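Using the sequences and the hints, build the whole thing.
Next come the chains, spelled out residue by residue.
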Amino acid sequence: MKILLGNIGDSDYRRQPVIVQGMTGSFGSVHTRLMREYGTNIVAGVTPGKGGQTFEGVPIYNNVSEAVSNTNAKISVVFVPAPHFLNATMESLENGIKLLIAIPEHVPIRDSMRVIEYAKERDARIIGPNTPGIIVPGTIKIGIMPADPFTPGKTIVFSRSGTLMYEVAYNLSRNGFGQKICLGIGGDPINGTSLIEAIEMVRTANSNDPIVIVGEIGGDAEEKFVRHLEASGISGLMVAYIAGRSAPKEKKMGHAGAIVYGKYGSAESKFESFGRLGIPVAKTPAELPLLLKDKAIQ
Amino acid sequence: MRLLEYQGKELFKEFGIPIPKSCIAFSIEEARSLLTNGITFPIVLKSQVPVGGRGKAGAIKKCQNINEVESQFSILINKEIEGESPRGLLLEEIITISKELYVSLFLNRSARCFSLIVSATGGMDIESTENRFIVDIASKSDIEDIASRIAGMAGIGSENHQRFVDFVQRLYKLLCEKEAELVEVNPAALLKDGSIVALDSKVIVDDNALFRHPELIKYEEATELESLAKKNEFSFVQLHGNIAIIGNGAGLVMSTLDMVSDAGGNAGAFLDFGGSATSETIYQALTVISRVKSIQTIVVNLFGGIVRTDLVAQGILRAYSNNLITVPVFARISGAESVKAKEILNDSKAHLFDRIEDAIHAAVQGIKSQEGKTIL
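If you read the sequences in order, they're chains P and B. If you're matching positions, the first sequence starts at 48 in our numbering and goes up one per residue. If you're matching positions, the second sequence starts at 223 in our numbering and goes up one per residue.
Don't take each hint at face value.
Claimed, not checked - Calculated pairs, DMTMM-like style, for lysine to aspartate or glutamate (alpha carbon to alpha carbon, straight line, at most 20 Å):
hint, chain 1, residue 1, chain 2, residue 2
1, B, K564, B, E502
2, P, K296, B, D429
3, B, K424, B, E236
4, P, K299, B, E446
5, P, K298, B, E448
Unchecked claim - Below, a sample of chain P positions facing chain B; criterion: calculated Cβ distance under 7 Å:
hint, residue
6, I156
7, R157
8, S208
9, G234
10, I237
11, E263
12, R292
13, M300
14, G301
15, A305
Hints were generated in silico from the structure; no laboratory data involved. Being a predicted model, the structure only gives us computed values, none of them experimental. Glycine included, each C-beta is placed from N, C-alpha and C at the ideal position.
If you want it as structure tokens, here you go:
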């Protein structure tokens, strides 16, 4: 995942060309503007039938192939509606996209599975779907997060939820924990990048950057993540938060992936996992920076 | 979307998965006519509710004759199970079985594939079963081969082997073609003649794939409120308490729900109206909430940034002036124009806070003091 690594504030980093699939839609256009304001190098948009037009000076192409051959982009952020997600993302992977930020919610599970499998064959990475994207505060954002809550720093945040990621970043920023990178895993049952893959992507040897895991009920991502920490011996300054511990069982709590079946996906199971490694779990998002401070002193 | 047992069994039938002879009845008249038209005693009456553990909950009754059906039917059809009213009763013939199995195909989220689980102890809570076998099904793997292997592990005898493999293959076909997240049979019965019959069904289909499956739409059930919420693209879950929780984003609303519960409050509704919030979205959200009768107070947690909080405040004000809502609103609305938002709501029954903890505290105290008054 070299695309995402680099020195913060590095101008090369900012020059990394990004295309937007679905740039001309209401959502896509708003966020294209906001990403550019933040410094992201948006070089092209893709909207079938609108090739040859421009959006605020950015050229639009009919397909990914033209967009890529004209810009050499390796990163795409996708805003197309869920029923078109499969075709749009397969097209970008076929045409050499290596990092794909999948914003849409309501993507069918099988479509996600197919795209993620194909991405593996092509040595590409998907973030999401149903993710707010990635932000390297102060440098670049590829996604739909507001800029305000984020400040540059050292803390790494992985979150299964969008707005909670903003809330957590806001609380961290107010308490002096700026962020190195915040990455939205996504609220779906199937994610292109798991917590395990996310930590492997950003981890560098001997780094003691604080890590904040924002999880929620549903699935076993947190449990598997903790097992990975145990097996690989990764340790350090880490705290967690799990949303949904008072939710009823077998009800989808907003996210397609936030559902508990028996013990599978329950908050207790996740608390147990984090507890085993002594990773403190905050009761509220506001408590996270306090736990980090406590842990940093120890 | 979780299908009821009888709906899952309709799909089983379509895919050639053996089930006992059974029929759904929504009234005692229908049940009587079924019993003169081919369903023979002894039978079980099974309450059609979307919850597990029906046997223990007394939602399944054996009947030897028509008199027992007459007396049991009205009891069972009116008996709520975990807050769920029965949608109907399944009348099913009892068959003689020699052994029970647990068989399921489920979405293995972290492995990003489906997995087959088989246990030779069916009819149990599968989580507490030691004796279970799990095999992941990669997209290119051969389900026949997997079924055959797992049959060996679970000790399924040669007399049942081929039928078992066929049974699993058909379940898998159903899983794929209907884009299900789960197809579970607990228990599946092994009969003396070597055949396998699905005694129960639990099928959950992918809501997000329903647009490709018009044939499944008939199984969709939504309350009036759920339909209204869905029309607005809100996620809405009705709960049992008196505090409605509204916000933008599933994680944030779940987090608010937890904090309300920690503060001693009792949530009555969960409503996530998604990332973008305008005057209109909050107004529509309050419209949904206004129809939940138990609600006495509303907590709004809105994390802004891109959201214009003054527009949200206007939506709340409009809900009051149109008498859509009369109960107090305790809101934390962060984001652009929040000073303006406070001015807009200054003379209303809405209270704005900078911290969600404070909004929740005020909401719960408000409810408690109201309850105090009623007791006095």
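How the hints compare with the structure:
1. K564(B) x E502(B): holds, 18 Å
2. K296(P) x D429(B): Holds: K296(P) and D429(B) sit about 18 Å apart, inside 20 Å.
3. K424(B) x E236(B): holds, 15 Å
4. K299(P) x E446(B): holds, 18 Å
5. K298(P) x E448(B): With a Cα-Cα distance of about 13 Å, the restraint between K298(P) and E448(B) holds, given a limit of 20 Å.
6. I156: Result: holds, 5 Å to nearest chain B Cβ.
7. R157: holds, 6 Å
8. S208: holds, 2 Å
9. G234: Because about 6 Å separates G234(P) from the closest Cβ in chain B, which is inside the 7 Å limit, the hint holds.
10. I237: holds, 6 Å
11. E263: Holds - the Cβ of E263(P) comes within 7 Å of chain B, reaching about 6 Å at its closest.
12. R292: holds, 5 Å
13. M300: For M300(P), the interface hint holds, since the closest Cβ of chain B sits about 5 Å away, which is under 7 Å.
14. G301: holds, 3 Å
15. A305: At 6 Å from the nearest chain B Cβ, A305(P) passes the 7 Å test, so the hint holds.
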